[in-house]
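*Asks:* Chain by chain, the residues:
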Amino acid sequence: MKKLRKPVYATAGYNTVSFGSGRKEFNPKKPRPGLEEYITEAGKGVIAQINDVNNIDEGIISNFMAARFNRQGNLAAMIPMIHPSLEYKPCTRVEGACGSGGLGLYTSVKSILSDVSDVVLTIGVEVQNTVKAVYGADILAGAGHYRTERKEGHVYFFPAKFSDRAGACYDKFGYDYMRKGMAHWYVHAITNARKNPKAQEYHNTIEDLLAAGMTPPNPNVFCEHINVYDCSKVSDGASALIFASEEGLKKIGIDKKYAIEVVGWGQSQADISKKPEEPTRLTTTRRSVEKAYEMSGLGPKDIGVLEVHDCFTIGGLLHLEATGVVGYGEGAAFVAEGKTAMDGEMPTNPTGGLVGFGHYTGGTGTRQAVDLVHQLTGKAGDCQVKINSNRPYGMLISMGGNDRTVTCMIFRRAA
Amino acid sequence: MTFDERLRNVSVIGAAGKMGSGIALLLAQEMAKQKLKPENKNVPYRLNLIDVNDVALDGLQTYLKGQLIKAGEKTTVLLRDLYKNREDLVENYDVIAAFVDDAMSLFRLGTDLGMAKNSHIIFEAVVEDKNIKVDLLKKLDQLTGKDAVYFTNTSSIPINVLNREANLGGRIIGFHFYNPPAVQKLAELIAADQTKPELKEMSLELAKRLRKTIVPSNDIAGFIGNGHFLRDGLHAIREAKKLADEYTLPGAIYIMNKVSQDLLVRPMGIFQLIDYVGVNVYQCISETVSGYIKGENLKDDLLAKMIQKKVLGGQRADGSQKDGFLKYEKGRPAGVYDLEKSEYKMFDPSGWSGEIDKKLGDYPKGIVPWRNLLMDPKKDEKLTVYFKNLNASNTLGAKLAKAYLKNSKEIGEFLVKSGVAKSAQDVNNVLLNGFYHLYGPINDYI
Ligand SMILES: NC(=O)c1ccc[n+]([C@@H]2O[C@H](COP(=O)([O-])OP(=O)(O)OC[C@H]3O[C@@H](n4cnc5c(N)ncnc54)[C@H](O)[C@@H]3O)[C@@H](O)[C@H]2O)c1
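If you're matching them up, the sequences are chains B and S in order. In case it helps, our numbering puts the first sequence at residues 1 to 415. In case it helps, our numbering puts the second sequence at residues 1 to 446.
Isolated chain S, as found in the complex (with noise of 0.2 Å):
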């Protein structure tokens, strides 16, 4: 069976998810593509959106349509050349409505399992929980009848564990997109020992389908991307807990958080990173990773406490910033969380954060906010002249700053050492073209 073949019927499990709607997005321009083929007029194409919150699903319509029109409206030369055989659409507006309309055709939204059966390419973006995950794929393959592919979208499960566990024989591969992931560039691709070769040019084609970069991991819970962040994170959250004698925890936090954004020129402070992925997700992958890596120590008693308090962060169905370790006013941080109180501690630049901001004393010349160097040509110009500065400075924001970039090496080299990434390349892609940072972990500049 070829690819396009098993492009006519494909599966979404988890389709409500935040991954999961993503990629039945992706999903449906590409089949949507394929069905407007001439050679393909009279083949059925079928996309099925299967997940157990029927209630999500209501809304899954809706947020599809809108993102699929918003789509067509960006891709409107492509739709007027795919429709140009069709007399009665002759306007922007006839072209977008009939490729919605074509795109919408192909779902088939639902609770029952069976929806699948005549799948022959299945996603799997449920929660990160092993055993949903591994009973699920077991009732999968009874009902497809060993037939079909699976990509799964775990963030920290060894795919080898999958494969084995619900016994798929090497038709798994760990296709793991970034959120959101119909915007993310990035995508892991993370075989198992005995994933068929098959599956990896299937995975290679569909990435390119889906315009996707895609850079390969080792099998190793966490992969290079989760393998990264949750080592950055800890680090942050045990350098707070250090700090915090001398400038209490939120104070802390506060301080890393800004050091890992303004002093390492990245798009957002880590704690704001750990509430954008969500802290109860990020909780989550410290669990996993901690279940499968030993020897390492992986967890940190910090994040229990915010979840027993509920304080989660995570986005909103509007996909706003909620609270977690910081308060987020305008999408913005503007407070930061305080465990012993239970509430925010609002920032004060004339009083409190003021403080701190002095005792971390005056930024290095040559700093440029990530966002003005983003688009910047002489970016790395720009960032060698700002590193030089920051090396030969000794305030304690570049001292933390230095420590932290120190840290982030060290990580990146360690998951090349240890084989999770082929190369320092491969861990710089990740970092580059998913975390959006501006230059990769393993550099030269401190």
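Bound-form chain B, shown alone (with noise of 0.2 Å):
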């Protein structure tokens, strides 16, 4: 893997709030903003960050699905909305299902890379609300491959996906080991929804979360080996933040001390036509993670924060494994013991997460570098990890579908 010619460095990072069920002001029933109002509120949170908006060279849009949620192609051609000295500016939309975002901050860095652009401005944005859940499940199923699994996937295709890896961890592992690794994963990830304002699950009043958590998964209502706290919800909402050269962050006037620099990225496509070579490992997200390590010449005890994509509390485990953090099978052992809290071992998720947070499907990778900028510069509010400096690295892990489209991205704090 050839080393980085030049510094890349990402910094003004912003997030809408993750907005759909959960959240108080929602009602299905109101007229609800769109993607034209998450796109323009994520960049205009960035362009308030920088010091002329002249100085963006590029955009870059990453979303999955508008085009049937919302009906809307040409997403590109929306990011002049945000101001009109965009207009004109070259801009590009990327899609790879809920690993979009990963594929946004991975074509910015090739761009700064290039020498092409020295200041981009990232957006990843989805508008899922628009539908009932069972159309909803239609469209997710397009991350799956439509002509070899959909008629005979489940009402529920995504869940039920990663419901197979759940079943398949229990015949393994055993049941009450996942299922208690699973409700943890869920307390874990509300845990730190409830201090983010911005997250989905922020107004979650459950009292007992983890006997919530521990709720038998019913397949007469839903899937097989998952229950519904499970799951990540059906978010609304956008992220953006920029992508510059040394020279980029210069003319934005944007000091060091509050950017971040990329040390490492993984990029990794697996067949969409061909099924998953072992449910309880994600082999495609492990080799991300292995070409981001090798890139960066680091490894797991170097990351002191992690951000992984936990559409499904089996999801978040198995991505755990996945980065070497904890071996084979141990990731339920390892959030039961409250590891991942925000004070433990490995700081994951500490804004909630998919499952938390809330997970606008198209611009969750974006989400995670944005919060990625806020840990490492130490802005990341009530929500902030403390970052040793014998271990200064956060690592993200963007995934599209059932582990087809992967991008690990590595970052330290840029001075």
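These are computed hints drawn from the structure, not numbers from a lab. The reader is advised that the hints may include incorrect statements.
Below 16 Å or equal to it, Euclidean Cα-Cα: the simulated EDC-like pairs (lysine to aspartate or glutamate) are [unchecked claim]:
no., chain 1, residue 1, chain 2, residue 2
1, B, Lys132, S, Glu73
2, B, Lys132, S, Asp300
3, B, Lys151, S, Asp94
4, S, Lys84, B, Glu152
Distance ranges between label pairs, derived from CB positions [to be verified]:
no., chain 1, residue 1, chain 2, residue 2, range
5, B, Glu36, S, Ala334, 38 to 44 Å
6, B, Thr191, S, Thr2, 37 to 43 Å
7, B, Gly378, S, Arg332, 48 to 54 Å
8, S, Thr62, B, Met81, 37 to 43 Å
9, B, Val131, S, Thr213, 33 to 39 Å
10, S, Asp348, B, Pro80, 54 to 60 Å
11, B, Ala133, S, Glu343, 43 to 49 Å
Negatives, chain S to chain B, calculated, CB over 10 Å [what the hints assert, rightly or not]:
no., residue
12, Glu73
13, Arg80
14, Val90
15, Ile96
16, Asp135
17, Arg238
18, Leu302
19, Ala304
20, Leu312
21, Lys345
22, Lys399
23, Phe414
C-beta: ideal position from N, C-alpha, C; glycine also.
Since each chain comes alone in its own frame, lean on the hints to assemble the complex.
*Replies:* Quick look at the structure:
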């Protein structure tokens, strides 16, 4: 793997609220903001942190399925809506299912490295509360292979895919052990989200979170091996940040201490028409992580804060294992022992993750990068994790489909 | 002819009404499932929806479509399985749309009774008027050539009377759905003396297919559900009249409604329930039942007075509550009708209604609103504690509540003693499942 030919920085992050059921102000019968509002809010949130919008050279927008959720294509053309001076700037939309955000980060980094741009505005967005859950499930199923999988698939296609993975883990490691780990993941996610006013679960009032998480799965109502608390919710929202070169940072007037630096990444693509090799492991994710470690010369012991893609609690556990922070089958115990907590051995998803913060699918990878900007520059407020100087790195994993499209990226504070 | 064969051609008369439209919806779902079975591939299925009101039939089509979509969205797991051999139907959206189309294609809507000619099963849900029902059943029986069986939804007319006067030879049974039929789990089954045993069996099979809980009731006007409701309501009206001297009639209605909801831990107060059913429907039940039951006064002039003022309650087409004894704002009672002034007297917590609340006294300890207890696994324990405290209390509210509970229990026991219900359990089942009470009227709480 090649070394970076020059430094690439990320800065000026902004997340909107992750909106949907669970938020007090959410009312499915009332009109809600759309793509336009979310993109503009996130974009303006970034622009407010830099000196001059004219210094943005390029825009990248990540989104999964606006064509179906919102009947809208050509999303790159929504970037100029943010500010008139973005009109006629080069803009690109990228898509890789729920891993679209990760691809947006990767694309932005490449643009800086190629000397095409010095300042890239990267946005990720998804607005999904436009259809009922039963139809939303159809749309999200597009992350799987339509021709070979959809017809036989479950009503709730993706939950069922991860339910199958959970079932395989029950067989291998025992139901009680896994169930407890998944329930603790839920507790962990909600506990963190309650500290974050923008999280979808910020208003969560469930008293006994563990009991909720332990609810036995009921295939008559939902999936065979997972319950509804194991799932991230349907979310609307957007995130945005700046990727910049050394010169770019200067141009937009951002001090390096408010920026983070990319130290490595890995992007891997698996064949959508093939079934996952091994249901109890995320092999594509593992590949991406290995590439990022190799490029940066780092390993799990160097990571001080982790952002993983827990679209389902079981996914969170498997991601943890794919990072090498814990061994195969050890994720459940690690979480149950509180080791992912903000003051634990490996602080993970400190703003709530997909289960707690919310999951605006195509924008989630972007949101993870924004949160790492905040964490590594000490601006994460009530969700701030203590970053130790002996392991100052933050790592994110953005996953699309059933472990098909995976981006891993590692950062450290720039100065 | 098997039940499944009969199900191939069914008619609903009065299909555009409240009950008829719900029954049509239930039947459409079951018949569509039959039609989709591979063995029924080329078998024609028909659901004739007949009503004298042509305008309402227009609305029925739209209503049924909307409801079928919702039903499809709730049963998508089953639908994906039903359509598993249809390669062209892949997404949830595809199977739901196909199901709605298949169900809609069963319907034949019209005003002509002749459409029922080839039906083997006929549901009757026209207005509660004996002469209209008898006349209709006679006509139908001529058309169908004495082969059809009839399920009547009458709330209060004895099935024996309908059977005899329409000369049906036992091909009729009372299948009394609750409103709204698609939602309420309960149906009372009422056989006439002559009702054919096959028809009783068919009814049980039908209940299973439509996922209804059956409680048998004897053929005595009002049956169990309305037998209790009618007398329960009359008790409240008569108590209110007694209280009127001191609290005015609107004040007294306010009191009885509040006591029957809060202190009896019921889903709604008694006057709200009468409004929900419709003041005129309640009056109609009272008149009909009175016509068949001697030696008991089951009428009250207050009802006629309300109807004279055209204060009728009932629901609008969108399901929202119309004003009746009470006035509703956002679906909640907000005022009470003043017959003398012909206007609503709005509740006033810092004025008259607040004064009354004070006179009713503090609520006994352990009281929990119905809504909060509904799903509570410890509800029986909590109710026991609460009713013990109610028994020990001597406030005005507690006295009225105790008298109310006692009366409700007596009605229940009377229904068993007079042979309307086979057992106390059946009475309790009707109130639990058809009226969503948390406890049956025949209990040891009082
Ligand atoms: N509403 C309830 O809560 C309820 C509950 C249980 C049973 N019931 C019973 O169900 C029956 C229908 O009640 P509803 O509340 O649906 O009344 P409704 O007034 O809503 O509907 C009656 C329908 O019958 C139609 N109709 C009248 N005469 C007709 C005729 N000769 N031929 C064809 N159609 C005719 C009307 O146009 C109307 O659409 C009654 O017997 C009633 O006692 C009502």
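*Asks:* With reference to the structure, classify each hint as holding or not holding.
*Replies:* Hints versus structure:
1. B:Lys132 to S:Glu73: 9 Å, holds
2. B:Lys132 to S:Asp300: 49 Å, violated
3. B:Lys151 to S:Asp94: 11 Å, holds
4. S:Lys84 to B:Glu152: It holds: about 8 Å lies between the C-alpha atoms, which stays within 16 Å.
5. B:Glu36 to S:Ala334: 38 to 44 Å: Hint holds: Cβ distance 40 Å, inside 38 to 44 Å.
6. B:Thr191 to S:Thr2: 37 to 43 Å: 59 Å, violated
7. B:Gly378 to S:Arg332: 48 to 54 Å: Once the Cβ atoms are compared, 51 Å apart, the range 48 to 54 Å for Arg332 (chain S) and Gly378 (chain B) holds.
8. S:Thr62 to B:Met81: 37 to 43 Å: Since the Cβ atoms of Thr62 (chain S) and Met81 (chain B) sit about 38 Å apart, the hinted range of 37 to 43 Å holds.
9. B:Val131 to S:Thr213: 33 to 39 Å: For Val131 (chain B) and Thr213 (chain S) the Cβ distance comes to about 34 Å; the hint holds.
10. S:Asp348 to B:Pro80: 54 to 60 Å: Once the Cβ atoms are compared, 57 Å apart, the range 54 to 60 Å for Pro80 (chain B) and Asp348 (chain S) holds.
11. B:Ala133 to S:Glu343: 43 to 49 Å: 46 Å, holds
12. Glu73: Violated: least Cβ distance 5 Å, not greater than 10 Å.
13. Arg80: 6 Å, violated
14. Val90: Non-interface label on Val90 (chain S) violated, nearest chain B Cβ at 5 Å vs cutoff 10 Å.
15. Ile96: Contrary to the label, Ile96 (chain S) does not stay out of reach of chain B, its closest Cβ about 7 Å off (not over 10 Å).
16. Asp135: 45 Å, holds
17. Arg238: 42 Å, holds
18. Leu302: Non-interface label stands for Leu302 (chain S): nearest chain B Cβ at 38 Å, farther than 10 Å.
19. Ala304: With a cut-off of 10 Å, Ala304 (chain S) remains clear of chain B, as the shortest Cβ separation is near 40 Å.
20. Leu312: 29 Å, holds
21. Lys345: Per Cβ check, Lys345 (chain S) is outside 10 Å of chain B; nearest 32 Å; holds.
22. Lys399: At about 38 Å from chain B, Lys399 (chain S) clears the 10 Å cut-off, so the statement holds.
23. Phe414: It holds; Phe414 (chain S) is separated from chain B by about 41 Å at its closest Cβ, greater than 10 Å.
Figure legend: structure checked against the earlier numbered hints; hints not met, in rising order: 2, 6, 12, 13, 14 and 15.
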